[in-house]
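Protein chains in written order, with our numbering: chain P, 44 to 434; chain E, 749 to 1212.
Simulated from the structure, these hints should not be mistaken for lab results. This one's a predicted model, so the numbers in the text were calculated from it and none came from an experiment. By construction, the Cβ of each residue, glycine as well, lies at the ideal position given by its N, Cα and C atoms. Incorrect hints may appear among the rest.
As the list claims (entries may be wrong) - Distance ranges between label pairs, derived from CB positions:
1) E/849 / P/317: 55 to 61 Å
2) P/304 / E/849: 38 to 44 Å
3) E/846 / P/209: 40 to 46 Å
As the list claims (entries may be wrong) - Which stretches of chain E does chain P cover? Using the computed rule of at least three CB atoms under 8 Å from a CB of chain P, they are:
4) 754–763
5) 836–850
6) 859–870
7) 898–912
Unchecked claim - Straight-line C-alpha distance at most 25 Å; calculated DSS-like pairs for lysine-lysine:
8) E/1092 / P/194
9) P/279 / P/249
10) E/909 / P/193
11) E/1009 / E/990
12) P/148 / P/185
13) E/781 / E/929
14) P/331 / P/193
15) E/1104 / E/1092
16) E/758 / P/390
17) E/1078 / E/1104
18) P/249 / E/758
19) E/827 / E/798
Here is how the chains run, residue by residue.
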Amino acid sequence: MFEIKTAHSKASTAAEIWQDLQQQLAGQHFQFGLVMGHHSCIAQLADVPLASVADQWLGGSSCLGVMTEQGVFLQQDSLALFMIRDDDGHYGSGSAVIEGVNIAKATRDALTSALQRAGRPFQVPELVWCMQPPGTEEAVLKQIEQVLGKKVPVYGGSSADDDVSGQWLQYDGRAIHQQAVVIAVFYPSVAISHFFHSGYIPTEHKGIVTKSQGRLLQEIDHQPAVEVYSRWLNRKITSNYMQQTTLHPLGSVIEHSQLDVPLYMLSLPTNFHPDGSIELFAEVEQGKQLCLMTSEVSRLLSRTGTMCECTRSVLPAQRVSGGIIVFCGACLLSIKDQMGFVHNNVKQALGGAPFLIAFTFGEQGYAVDQTNRHGNLMYATVLFGEADAQY
Amino acid sequence: MPSIENLREKVLELTFERDSALLHVRLNQLLQKGLDAILSSDTLEDTFSKFFGVMAEGVQFDCAVLLRLEETHFTMLAKQNAPLWPDQAELGSCTLVNALSGRHSVAVFNLMLLPGWGESVSQWWPQIHSALFQCIQTREQQFLLILGSGSVAAFGPSEEKIMGQFISFVASTIASVENKKLYIASQSLKERQQRIEQSLLQSEKMASLGQLAAGVAHELNNPIGFLLSNIHMFQTYLSIFKALLNNYRLLEDVTQSETVKQQAKKDLELLYQKEDVAFLLEDSDILISDSLEGAIRVRDIVQSLRRFSHPDTDQIELVDLNESIESTIKIISGELKHSLHLNKQLYSGSLYVMGKSNQIGQVFLNIMMNARQAITHDHGELKISSGLQDNEAWVAIEDNGTGIEPQHINRLFEPFFTTKDVGKGTGLGLSLCHSIMLQHSGRIEVLSEPGLFSRFTLYFPLAG
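Same shape as in the complex, but just chain P (with noise of 0.2 Å):
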């Protein structure tokens, strides 16, 4: 058997939480639960006794809040469970805290540790879901490709907060993290589908990278990279506030000889220092070409529903069980009391299917070139069919 429930709390207290969540699951028991929501509700999570109705879990904090079928919970209160009974498959969630800058060392026992408790420490999950803190994504990628290879999708989203102040938190079903990888593995007995894009559009803009260092854009066209990109907004950088550059972020172009078109890697840039330097939330490949990406509100509104769609078309018979899509957070805000369109775009493009929604700050995915990749300003959606082929 196979189902997807989703449940949702904006209580204040431990106690209320875990009332509200128990009325809406109705005693049943699940194994696997993702468990999204404002970083002050996470806080809470340490008391909710949620190891009791599932056997694994991986969660954290999302910006505002979250959306579910059931509605659009973005008021800094709130939280959801996207849980998942399935008789017949396999899932298991592990963690582990960076300690310095060891990410990989954190990644590699994550990963182990979620092997092992899906009891599958040898075979390639389905998909590999990940939740780190913002900076560490790449290198977190990076391991997860090392031990499994290039051919199974990873997605996730980084944890985030309300303002970049750094309240982002992890969650593992035992523990509340601020600096931990955590990781779940799945072997689902039904078939999936997912779709890793954005809805940015590159410019005329472009340039080379000259100088970088891992996510800081020092030179463009052996310009300081400030300039080059306040040359082409047009106007002066005043701010170092995401929300000015959320609607213009660097795009990295990806290179591949199956793709007809370009497909663009988006970093967003966060800060902008006085030397001429851009610190972005991806990193960026010096003498890569970088091109000046844009978007429009309507677009940013409407592609989480294309997206959907667009998955749901390559399950068997077009039938979805549930499905975890990750936005992001920088759009989120720019777009935050429209968020209401997005909802119905969504639940609309699943038919009903019970849908979690989560606002992170980085995203990862399996992008069209068929390499996992970290990005910024991206949407990712994974969906759950009703059948699998191969059973």
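Position chain E against the provided structure of chain P, taking the given hints into account.
Positioned in the frame of chain P, the structure of chain E alone reads:
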């Protein structure tokens, strides 16, 4: 937004859908080639070894083995780049159950982590890190295909999907071939069974005839006896008639002397005084008529016996149940008429059913013989009736004999079940009746009260 950008987005979406469709294209190509491999192979082993080449076009791998799985060991069927693998080893399906966990296809990213099999496979394939385990279950056998790769985690969900669906197709195709073979084998068995049944039927018929022989002999003996007697008598009459005719001829002959004519007249008077010629003429008619009747009786019995003892053919024809009953009664009449009263209440019209007349006659004969044998007292009655009910014709044969014990009713149609003394019954009679009725889409109902009666009612679907 410029329309070119909308188109770009659409192209990306289509690229995503195309990738999914390409998976199906790859799969379809594999299926096509797999089908060719199956159709061009004579044995399962040959089929699988051809698959290595076919699979390489759908999934990249460095080496492969195909094993036949038993519970505790495997046997190598085909291999590619696997020189260290043994032909047999103590690794079987029981140690693989947990690894597969209900799935048919499992991608293993690190062989050393696979419990049970991992260590051995790593020894036999020292350069191999990852593998795809694919279970193949046909109706009668279980196989395991292992594809190996020197790369870390070379196989992922899409390889699992492609191989899973490909092998599922292969297994179902092989199962179809196996089914076809089983069908052919079962047809052959069925034909054999039919031949045995036919032979049994014939044996049973002959056994029935054996039991009937005395009665039939008596029945034939009577008419033959009075036929002989009549003919003998008629021979005597004929000599008198000849003498009379001769004397009349002499009297009428003008060439004869008066003396001869006087003697003929004298002889005639003597003959008339000695013999009652009027009676002889009248009795001759009776003799001839009786002889004809006796000859007809003999002919009918012989015809019935011939019809009954003739080997069955597959010919299905219209059979009138009443006619078949009458024919059976003729055969058995010698058994019946001196020991019991026959009460016939047959349907006034014809009762046509489709079937084999010999077999239907066999059913009637067996049940009538059983009825006769069940009557051990001197006021026996055999009641034979027939009729119509809904879309069925029925024939009931009832005797007032010993009846059947309730515990025997359910076993009556079992082969070799008999309550008769050893040597007196084969135990196949009613079993064959049951089988014949089933072949005629009919049925037999039995009602009995020990010490009072037994009634066998046979139901046949009406023809047309």
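Of the hints stated earlier, which fail here? As far as the earlier hints go, only 8 is violated by this structure.
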